[in-house]
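J.: Now for the letters of each chain:
Protein chains: 2
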Amino acid sequence: MSVTTTPVSQSRFLQRIQGVPTETTPVWLMRQAGRYMPEYRALRARHTLLEMIRQPELAAEVTLQPVSAFDLDAAIIFSDILPPLEGMGLELSFVKGEGPVIHNPVRTAGDIAALRVPDPHESMQGTLEAIRMVRPELDARGLPLIGFAGAPFTLACYAVEGGKSRYHENARILMLSEDALWDQLMTKLATTAGEFLLAQAEAGANVLNIFDTWVGELAPHHYEQRVLPYVRQMIDIAAGAGKPIILFGVGNGPLLEAMGSSGVDVIGVDWRIDLRIARRRLGPDLVLQGNLDPVALLAPWDVLRREIDAVLAQAKGDERFIFNLGHGVLPATPVDNVRRLIEYVHEAR
Amino acid sequence: MSVTTTPVSQSRFLQRIQGVPTETTPVWLMRQAGRYMPEYRALRARHTLLEMIRQPELAAEVTLQPVSAFDLDAAIIFSDILPPLEGMGLELSFVKGEGPVIHNPVRTAGDIAALRVPDPHESMQGTLEAIRMVRPELDARGLPLIGFAGAPFTLACYAVEGGKSRYHENARILMLSEDALWDQLMTKLATTAGEFLLAQAEAGANVLNIFDTWVGELAPHHYEQRVLPYVRQMIDIAAGAGKPIILFGVGNGPLLEAMGSSGVDVIGVDWRIDLRIARRRLGPDLVLQGNLDPVALLAPWDVLRREIDAVLAQAKGDERFIFNLGHGVLPATPVDNVRRLIEYVHEAR
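Listed in order, the protein sequences are those of chains D and X.
Plus 338 on top of the position in the first sequence (first one is 1) and you've got my numbering.
Plus 338 on top of the position in the second sequence (first one is 1) and you've got my numbering.
Hint data in this document are derived by calculation from the structure and do not stem from the laboratory.
Wrong hints could be hidden among the right ones.
Within a straight-line C-alpha distance of at most 20 Å, the following computed EDC-like cross-link-like pairs (lysine to aspartate or glutamate) qualify [said to hold, decoys possible]:
1. Lys502(X) x Glu424(X)
2. Lys654(X) x Glu361(X)
3. Lys434(X) x Glu389(X)
4. Lys502(D) x Glu429(D)
5. Lys502(D) x Glu436(X)
6. Lys434(X) x Glu429(D)
7. Lys434(D) x Glu389(D)
8. Lys434(D) x Glu436(X)
9. Lys502(X) x Asp418(X)
10. Lys502(D) x Glu399(D)
11. Lys502(X) x Glu436(D)
12. Lys654(X) x Asp623(X)
Beta-carbon label-pair distances, calculated as ranges [claimed, not checked]:
13. Gln356(X) x Asp674(D): 55 to 65 Å
14. Asp674(D) x Lys434(X): 21 to 31 Å
15. Gln356(D) x Asp623(X): 44 to 54 Å
16. Arg643(X) x Glu595(D): 22 to 32 Å
17. Leu381(X) x Phe432(D): 38 to 48 Å
18. Arg677(X) x Glu389(D): 45 to 55 Å
19. Asp457(X) x Thr386(D): 48 to 58 Å
20. Ala447(X) x Glu389(D): 39 to 49 Å
21. Lys434(D) x Gln353(X): 28 to 38 Å
22. Gly601(X) x Arg619(D): 19 to 29 Å
23. Asp647(D) x Glu475(X): 51 to 61 Å
24. Phe432(D) x Val641(X): 27 to 37 Å
25. Thr344(X) x Glu436(D): 44 to 54 Å
26. His441(D) x His385(X): 30 to 40 Å
The beta carbon of each residue, even a glycine, is placed where N, CA and C say it ideally should be.
With the hints as constraints, model all of the structure from the sequences given.
T.: What follows is the structure, given as C-alpha cells:
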C-alpha cells in the first residue's frame with residue numbers, strides 16, 4: 339500500500355511563505371528538538387551536545403524526533419549557532435550549568451586578524467551530511483527542512499565575551515569604539531555564516547533561518563548603523579541559494595522596520611510585541627512568524643489554550659502568518675502541551 | 339561668608355518635572371552611588387550591602403557621595419528594591435557572585451497568605467532615617483532627593499523565584515494561571531511598596547521613583563491585564579504624598595502607552611528606544627527621562643561624547659526631558675567619564 343504524500347514544495351509552510359493561501363496555519367517551534375523530549379534526553383545521556391551536533395547520524399536522529407512525535411509543518415536541522423565559530427579558529431565547548439564557552443575569545447586586533455573564514459563543506463561537514471541524511475524521510479512526509487545560522491552580532495558577542503554575558507559590554511565597546519576592527523570581525527562572521535547557509539541550502543535545506551539572539555540589547559541607531567549592514571552581507575551571500583530566508587531576534591520589537599528592510603522573506607518576532615503592531619510596522623508583504631510566550635507552554639492546558647487564542651486573534655485574517663513561539667521551547671515544557679498546541683493551531687479557523 | 343543657594347523647589351530637576359522651562363538639561367544617573375566610585379568601594383570593603391542600606395549613617399553617606407563628587411541635579415537615597423520584602427516575612431541576603439537570594443521564596447497559596455503588609459516606619463526605618471539625615475546637606479546644595487521602591491511585578495519575580503532568574507517562569511506561570519493568588523500577592527506587594535514610597539515622601543523625598551526592572555519580559559497584553567492594575571494601586575497610594583512620580587522599566591519600549599496611562603509624571607526609558615519615538619507614543623505632557631546606553635560610559639571619551647550627542651539630538655527641543663542612563667551605571671565605569679558626562683550635558687544647548 340502506498341501513501342500519496344504532498345510534495346515538499348506544496349507544503350503549507352512553503353506555500354505560506356510564497357504567499358499562496360493555505361487554509362491551515364503552519365506551525366513549527368524554535369528548539370522543537372530538545373531537552374523537553376524524552377527521546378532527546380535518552381540520546382543526550384550518552385553523548386555530549388557537540389557530539390550530537392557533529393555526528394551526522396545523531397543530528398539526523400534528533401532532527402527527526404519532533405516531526406515523528408508531532409504534526410509539525412517543518413523540521414529544523416539539529417545544531418547550534420556556535421559550531422561554525424570552531425572553523426574560524428575558536429575553541430568551543432558546552433560547560434554544564436554554564437552554557438557555551440569560547441576558550442580563546444577574540445580580544446585584540448591580532449585575534450581578529452587571525453580568524454579564518456572557513457569552507458563550510460569542511461568545517462560544518464557533519465551538519466551538511468545530517469541535512470542530506472534527513473532529506474529522504476522528510477520528502478516521504480512532505481516536510482520542508484529549515485537550515486540555520488547565527489547572525490554576526492550574536493556570534494560576535496560570544497566570540498568576544500567568550501560565553502554568555504549579561505551586557506555583552508566588550509563586544510559592544512568594540513562596536514562603538516573600533517570601526518575598522520568591528521568591520522573586520524563582522525565581515526568575517528557574516529561571510530562565514532552566510533556561506534554556511536548557502537551550503538545548507540545546497541545540501542537540501544528548503545528555508546534558511548538567521549538567529550540574532552542578542553540583537554534586542556542594542557539601541558536602534560546602533561543596530562542600523564553597526565549591525566544591519568553585516569546582516570545584509572550575510573543575507574546577500576545566502577540569497578544566492580534562492581531559498582526563503584527567516585530573520586529572528588529576541589526582543590526585536592524596536593528593530594522591526596530595520597529588520598524588515600534587510601531583504602528577508604519572513605520576520606520572526608518574540609512575544610513582547612503584539613502581532614498587529616508588528617504587521618503594521620512591517621507592511622503587508624513580509625511573512626510574520628511568532629510569537630507565543632514559551633512560558634505559556636509550562637501552564638495547564640486551559641491557560642495555554644487561552645494564550646494560543648490570544649496569538650491567533652492577533653493574527654486573525656493574516657494570510658502571511660506562521661505560528662511559532664517567541665523564543666525556544668523551554669526544557670521543562672510538558673510534551674503533551676506541545677502536541678496539543680500543534681493540533682489546536684491546525685484546527686483553529 | 340554665606341553662599342546663596344537656590345531652594346530645592348527651584349532646582350532644575352523639579353522645574354523640568356513641573357513643566358517650567360529651564361535652560362540647562364538636568365541630569366542624574368540610575369545607580370549613581372555605586373561600585374564604580376572609590377569612596378563607595380572603601381565603605382563596601384568594611385560593610386555588607388544590607389548593612390549599608392540598613393544603617394542610616396552609612397546609607398546617608400553613600401547617598402551623598404555622588405552629589406559631592408559630581409554636579410548632579412538630584413540625589414537618590416541609597417537602598418535597593420528588595421529590603422521592603424523583609425518586612426513582609428521574606429529572608430533576604432546578597433550572595434557574592436550570585437546577587438540577591440530570598441531564602442524562603444513564595445511558592446504556595448499558604449506562602450502568599452502568610453505575607454505581611456508591614457508598616458514601613460518599622461520595616462524600613464533605616465532608609466527613612468537616612469532620608470531625614472541627608473536633607474540638611476541637600477537643602478544646603480539646593481538638591482532634590484529621589485526616594486524609590488520596586489514595582490510589584492519585579493518584586494513578585496524575586497519573591498517567587500527566590501533570586502535572579504532568566505525567564506521568571508514560576509512568577510509568570512502564577513500570573514497566567516492563578517488569578518486569585520496573583521491578585522493577593524500583587525496587592526500585598528503594591529501596598530507595601532506604595533506605602534513605603536509615601537513614607538519616604540513624608541521623611542523628605544521630593545520625587546518618588548518606581549523601578550520595574552523585569553517588566554520588559556512581558557507581552558504587552560499581559561502587562562496591561564495582569565501587572566498595570568497593581569502598578570496603579572501602588573501609584574494611587576504613593577500619590578497621596580503629592581510628589582512627582584517617575585516610572586522606569588528595563589526594556590519598556592513596547593509598554594510605553596500602558597505605562598504612560600498609569601498616572602505618573604515622568605517615564606524613564608531604556609536605551610533601546612529612540613527618544614523621538616518614545617515622545618510621540620507618550621504624548622506631549624509626560625516628562626521623558628533617559629536613555630544613554632550604560633555601556634557607552636565604558637568607552638573612550640570621544641566615543642562617549644558622540645553617544646551623548648546622539649541622545650541629546652533625539653531630545654532636541656524637548657522641554658520635558660531629563661538626562662539619565664537607560665539603566666544603572668556599570669561597576670567598571672571610569673569615574674572621569676561620569677564627571678565629563680554631567681558637565682557635557684549641562685553645557686549642551
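J.: Give a verdict on every hint.
T.: Against the structure, the hints:
1. Lys502(X) x Glu424(X): holds, 17 Å
2. Lys654(X) x Glu361(X): holds, 12 Å
3. Lys434(X) x Glu389(X): holds, 15 Å
4. Lys502(D) x Glu429(D): Holds - the C-alpha atoms of glutamate 429(D) and lysine 502(D) are around 15 Å apart, at most 20 Å.
5. Lys502(D) x Glu436(X): Holds, at about 15 Å.
6. Lys434(X) x Glu429(D): Violated, at about 29 Å.
7. Lys434(D) x Glu389(D): holds, 15 Å
8. Lys434(D) x Glu436(X): Holds, at roughly 17 Å.
9. Lys502(X) x Asp418(X): holds, 14 Å
10. Lys502(D) x Glu399(D): violated, 28 Å
11. Lys502(X) x Glu436(D): holds, 15 Å
12. Lys654(X) x Asp623(X): holds, 16 Å
13. Gln356(X) x Asp674(D): 55 to 65 Å: holds, 57 Å
14. Asp674(D) x Lys434(X): 21 to 31 Å: violated, 41 Å
15. Gln356(D) x Asp623(X): 44 to 54 Å: holds, 47 Å
16. Arg643(X) x Glu595(D): 22 to 32 Å: holds, 28 Å
17. Leu381(X) x Phe432(D): 38 to 48 Å: holds, 40 Å
18. Arg677(X) x Glu389(D): 45 to 55 Å: Given about 53 Å between the Cβ atoms, the range holds.
19. Asp457(X) x Thr386(D): 48 to 58 Å: holds, 55 Å
20. Ala447(X) x Glu389(D): 39 to 49 Å: holds, 45 Å
21. Lys434(D) x Gln353(X): 28 to 38 Å: violated, 55 Å
22. Gly601(X) x Arg619(D): 19 to 29 Å: holds, 28 Å
23. Asp647(D) x Glu475(X): 51 to 61 Å: Check passed, 57 Å falls within 51 to 61 Å.
24. Phe432(D) x Val641(X): 27 to 37 Å: holds, 34 Å
25. Thr344(X) x Glu436(D): 44 to 54 Å: Since threonine 344(X) and glutamate 436(D) have Cβ atoms about 52 Å apart, the given range 44 to 54 Å holds.
26. His441(D) x His385(X): 30 to 40 Å: holds, 37 Å
Hints 6, 10, 14 and 21, counting from the list given before, are not met by this structure.
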